[in-house]
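Let the sequences and hints guide you as you build the complete structure.
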Amino acid sequence: MLRRNGPGPRPTTLQRSLLAAATVASALLLLAPEARAAPGEASGERDGGGHVAVIEVSGLLDEVLVDFVETQIDQAEEQGAVALVLQLNSAGAVVSGARLQDLVDRIESAGVPVDVWVGPSGSQAIGDATALLAAARTVGVAGGSRVEITPVLLGDGTLDGEAAVGDKVSAGDAVDLGLVDNAAPTIGLFVYGEAPGDGLPGADSTIVNGQRQPVTQTRFSQLPLGGQLLHTVASPPVAYLLFVIGLALIVFELYTAGVGVAGLVGAGCLILGCFGLASLPTNPWAVALLLFAMFGFAVDVQTGVPRVWSGIATASLAIGSVLLYDDLSLSWITLLVAIGGVSLAMIGGMPAMVRTRFSTPTIGREWMVGEVGTAEGRIAPDGIVTVREAPWRARTNRATPIEAAAPVRVVSIDGLLLEVEPLEGAAKDHRNRR
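Start counting the sequence shown at 1; every next residue gets the next number (this note's numbering).
Just so you know, these hints were derived from the structure itself, not from any lab. Quantities reported herein were computed from a predicted structural model and do not represent experimental measurements. Beta carbons are placed, not taken as given, at the ideal position from N, Cα and C, and that holds for glycine. Any given hint could be a false lead.
[Said to hold, decoys possible] Now the in silico label distances, taken between C-beta atoms and shown as ranges:
{"#": "1", "residue 1": "186", "residue 2": "292", "range": "45 to 55 Å"}
{"#": "2", "residue 1": "406", "residue 2": "337", "range": "42 to 52 Å"}
{"#": "3", "residue 1": "157", "residue 2": "284", "range": "35 to 45 Å"}
Take a look at the structure:
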């Protein structure tokens, strides 16, 4: 290394070059301090700052959607956005009041201005969703959209005329009542205004060759694929239908041999349905009624004839479906599809399927005793056997297991279950002792 005193090795060419480069860099930093950007400014330029972020907020405000909005606020702050616009279409919130208040506080304290546009046409801001409008800097509404008059949206204001709290008013009426700032038919007009300088603060545009062109770019975002799936599952009609369909498919699977596609699909639907119901204000006793309805249907499917249990199950299904949610209601189309479809399938379709499946001439009831088949898998003590090319649930009547592919003989029938024994080494039937 270099020494201060005494003779020593002379600096190499590489060392002299590095020393010169460091000296030049230091001089530039000292002579031109204006070239040094603040950390936030540098980050904004690197991440493409100066843009307007627009995110789609559609559906009930559940945990997935609330987390998404908060995450987008954080990203807008980090990337130096001039504004974050929530494109809102919501009929309320299903998160707790405290969780919704946390989101409102985050919007009000955000380092980037948060604006709300209720659109496109036909959208709505109803119930607790209006809390986002009250917390926003600027609120616009597309024509054909509706805004509910709520106490949080009124604030300290009063209503004139015939309007009352709870009314759902049009875009024009919402502007006249002071509930929103403007009526903007499109998101572009809301962000940039009708002329340069009329839009949101920081959202600039210009006229080039007689055409309007934005100077501040707009970036659109929406829930990622996984979030969209969970958000869709947590909607009231989807969660209800998945839960009911999952239960019905599992009941169907009980009357088929082995675990098939219906069982796997039913399990998947049931899991997603449970997630959706857990995210919504669900009545536990109504869920219990739906479970009881499936039990009642299964009882009469087992007997093969719709009887009193089918009536009890249908009534339980209807009551549990109508009263499943608190403060939320299912459309009559959803209820008709679920109640009518499941009842028709269980009362008409399932018994016919079971009779066809288990009462064909080739595998009849009585004369099947003594028939020879093959074990599809190891029977210890339960398993599947094939008799006359038809699969059956089977149980060995001996303690010794029957290996896969081994020949078996049917010794008796217990409902829909065959009792079998190994073909070799089995005790002779008392009717054949002579």
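Now the hints, each set against the structure:
| no. | hint | result |
| --- | --- | --- |
| 1 | 186 x 292: 45 to 55 Å | 51 Å, holds |
| 2 | 406 x 337: 42 to 52 Å | 47 Å, holds |
| 3 | 157 x 284: 35 to 45 Å | 40 Å, holds |
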